[in-house]
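**Student:** Heads up, our numbering is the position in the first sequence plus 58, with the first residue counted as 1.
What the hints contain is simulated information worked out from the structure, not anything from laboratory work. No residue lacks a Cβ here, since even glycine has one placed at the ideal position from N, Cα and C. Hints are not guaranteed to be accurate.
Stated by the list, open to error - Ranges of calculated distance between the beta carbons of each label pair, as one might list FRET restraints:
#1 D376 / D422: 29 to 37 Å
#2 L524 / V443: 51 to 59 Å
#3 G284 / S614: 44 to 52 Å
#4 H407 / V97: 31 to 39 Å
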Amino acid sequence: MSPTITDEAASGAALTRIAAALTRAAAALVPGDALPEVVFEAPRNLDFGDFASNVALQLAKRARRPPQQLAIELLERFFADDPSLREIVSEATPLGGFINVRLAPLAWQHAVATILREGADYGRGAPAGERVSLEFGSANPTGPLVVVQGRTLSLGDSIANAMRFCGIDVTTEWIINDAGSQLDTLGRSLYARYRQLTEPNFPFPEDGYPGDYLVPIAERLRARDGARWESAPESEWLPAFAAYGRDELVAEQRVTCERFGVGFDLWQSEKAMHAAGAVEAGIAALRERGLLYDEDGAIFMRTTRFGDDKDRVIVRSDGRPTYLGADVAYHYDKLRRADRAVLILGPDHHGYIARLASIAAAFDRPGAISVMIAQQITLVREGEVVPMSKRAGNVLTLDDILDEVGRDAARYFFVIPNADSPLTFDLSLAKEQSSDNPVFYVQYGHARIASIERRAPPELLERALLGEGLTRLTDPSELALARRLAEFPETIRSVVAGLAPNRLARYAQSVAADFHQFYMHCKVLGDDAELSAGRLGLAHSTKLILANSLTLLGVSSPEAMERTESP
RNA sequence: GCGGUCGUAGCUCAAUUGGAUAGAGCAACAGGCUACGAACUUGUAGGUUGGGGGUUCGAGUCCCUCCGACCGCACCA
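With the sequences and hints as input, model every part of the structure.
**Tutor:** Encoded structure:
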């Protein structure tokens with residue numbers, strides 16, 4: 059991955075000048091107006107240069123000559139137009155119709171100076187006033203969090219971090235689905251566990267939630283209330299048990315999220331929305347827009363008007379709103395609070411996307427709700443698929459995974475693939491503290507730099523942090539690393555634009571790889587104090603970028619790696 | 001049956017959203033520590049991007065069509 063670099067202080071300024079000069083050259087050579095904007099991108103293959111523009115390819119037809127010839131003519135005018143460009147452009151060549159540009163070392167040295175100066179703020183965007191609601195992780199409050207939530211939590215939290223870093227005002231939201239029939243099931247299941255404490259043969263509901271995680275909750279309830287529910291009628295114990303179970307399970311889910319390094323701005327209870335009259339308000343708003351009709355005693359929403367397969371019930375014939383009805387209200391509220399809403403949902407929610415899109419359109423905000431689906435996860439251990447059956451109750455929970463592989467590895471592994479591809483999670487590999495494990499590779503780079511800094515004379519480090527000696531960085535491995543570091547701002551922006559935190563994970567690996575190569579080629583702490591200062595500055599800015607990347611991903615940046623013996 | 005997502009090296013995944021010779025990591029093979037952490041690094045090998053058509057200067061990416069995997073298609077959530 060090699061995104062465009064737009065760092066204002068260094069290469070970006072150079073690029074702007076180059077693009078402007080090329081634009082003038084194009085205007086002189088190609089007739090007509092409304093010429094396409096001259097864009098520079100980093101080519102996939104860096105042998106071509108630091109940046110490439112395809113203007114000649116785009117304009118060839120209008121200029122009535124082959125792209126390559128046009129590229130040559132553009133470049134001739136380019137330098138004639140502004141001879142001082144030769145100071146920042148070390149090379150500009152036409153090849154296959156592309157215009158390839160290599161920047162002078164000064165541009166990259168400048169980038170390192172900028173990183174040292176701005177530190178953890180390097181690449182941070184100024185608040186632009188955009189408000190985004192980001193909902194993810196949400197689970198039914200009927201059991202512990204499982205693997206798929208680990209994936210949505212990792213994706214969502216990393217995206218939220220990246221958005222905030224870009225200056226977006228993000229509200230992270232967790233919806234507690236506590237208004238449906240599953241709460242009754244929870245209440246009955248918990249009641250059975252409660253009774254089983256004294257009557258082991260008390261029947262467990264057919265459709266109840268299996269697994270023994272409700273047992274300790276039942277014990278706490280018995281410790282609090284004793285046996286008094288044993289003789290109570292169902293109409294009394296059911297709401298009490300459902301509410302107690304929900305509160306306990308939500309609290310446990312919350313602890314798991316915290317263990318995972320994820321916090322939420324808003325824990326939205328669906329039941330509370332009903333109680334506050336929000337659901338009626340949302341439905342009334344649709345009614346005003348003429349998007350509802352009654353049929354068979356139920357209220358339908360005209361979602362087909364917005365491309366859905368069929369109209370959807372939002373209030374049942376018995377008067378209770380459906381899940382969609384509640385979501386109308388919830389998103390009506392979201393869209394008032396935010397400019398757009400992003401949801402990360404599990405793989406079983408495909409069919410729901412069209413309905414959410416309908417809600418946005420119904421409130422005159424088409425496209426304001428976007429849905430990202432996190433695909434299925436297959437767990438593998440020792441080369442074998444770990445069977446998971448919710449029915450049988452032998453589900454591996456997110457806590458189990460955290461126990462087994464730790465937070466850093468879990469967070470990292472969950473964001474590596476694109477959200478819309480299925481993920482194979484190899485527990486054995488994630489647990490392994492070896493070079494096979496990409497998260498350790500990146501952390502090792504960070505720890506290695508920390509180690510160098512511990513060894514460096516304090517006054518040398520001080521000079522390095524001030525940017526001394528950076529102009530001495532000329533080795534290809536030094537310039538490649540500096541160039542990579544300068545990609546950080548654009549990488550973060552690309553993460554936000556594409557809702558793709560995997561790009562950040564891969565970027566961090568590239569930074570680590572470039573650093574290790576630099577480390578092999580260049581001795582940092584040597585006899586030449588100025589050169590050492592420059593290299594130390596480069597190393598320190600690498601450490602900053604690695605730490606920032608890992609932090610945004612929710613992964614720690616250790617100052618030292620603990621060596622563990624592998625069996 | 002209808003709709004959605006996906007299919008890329010032996011394995012796990014990329015590919016700047018239409019750009020150049022499709023890239024990393026593991027696994028395999030061959031090298032590199034009396035140097036700041038070898039949890040590192042250098043190189044070799046590995047591909048008809050599921051198949052076939054089309055769109056154009058240019059396709060892993062867009063369109064059509066088959067094949068295959070997964071997921072949806074409730075007055076469930």
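**Student:** Does each hint hold? Answer for all of them.
**Tutor:** Status of the hints after comparison with the structure:
Checked against the hint of 29 to 37 Å, the pair D376 and D422 passes, with Cβ atoms roughly 31 Å apart. The hint said 51 to 59 Å for the Cβ distance between L524 and V443, and at roughly 55 Å that hint holds. At roughly 45 Å, the beta carbons of G284 and S614 sit within the given window of 44 to 52 Å. Hint check: H407 to V97, Cβ distance near 37 Å, so the stated range 31 to 39 Å holds.
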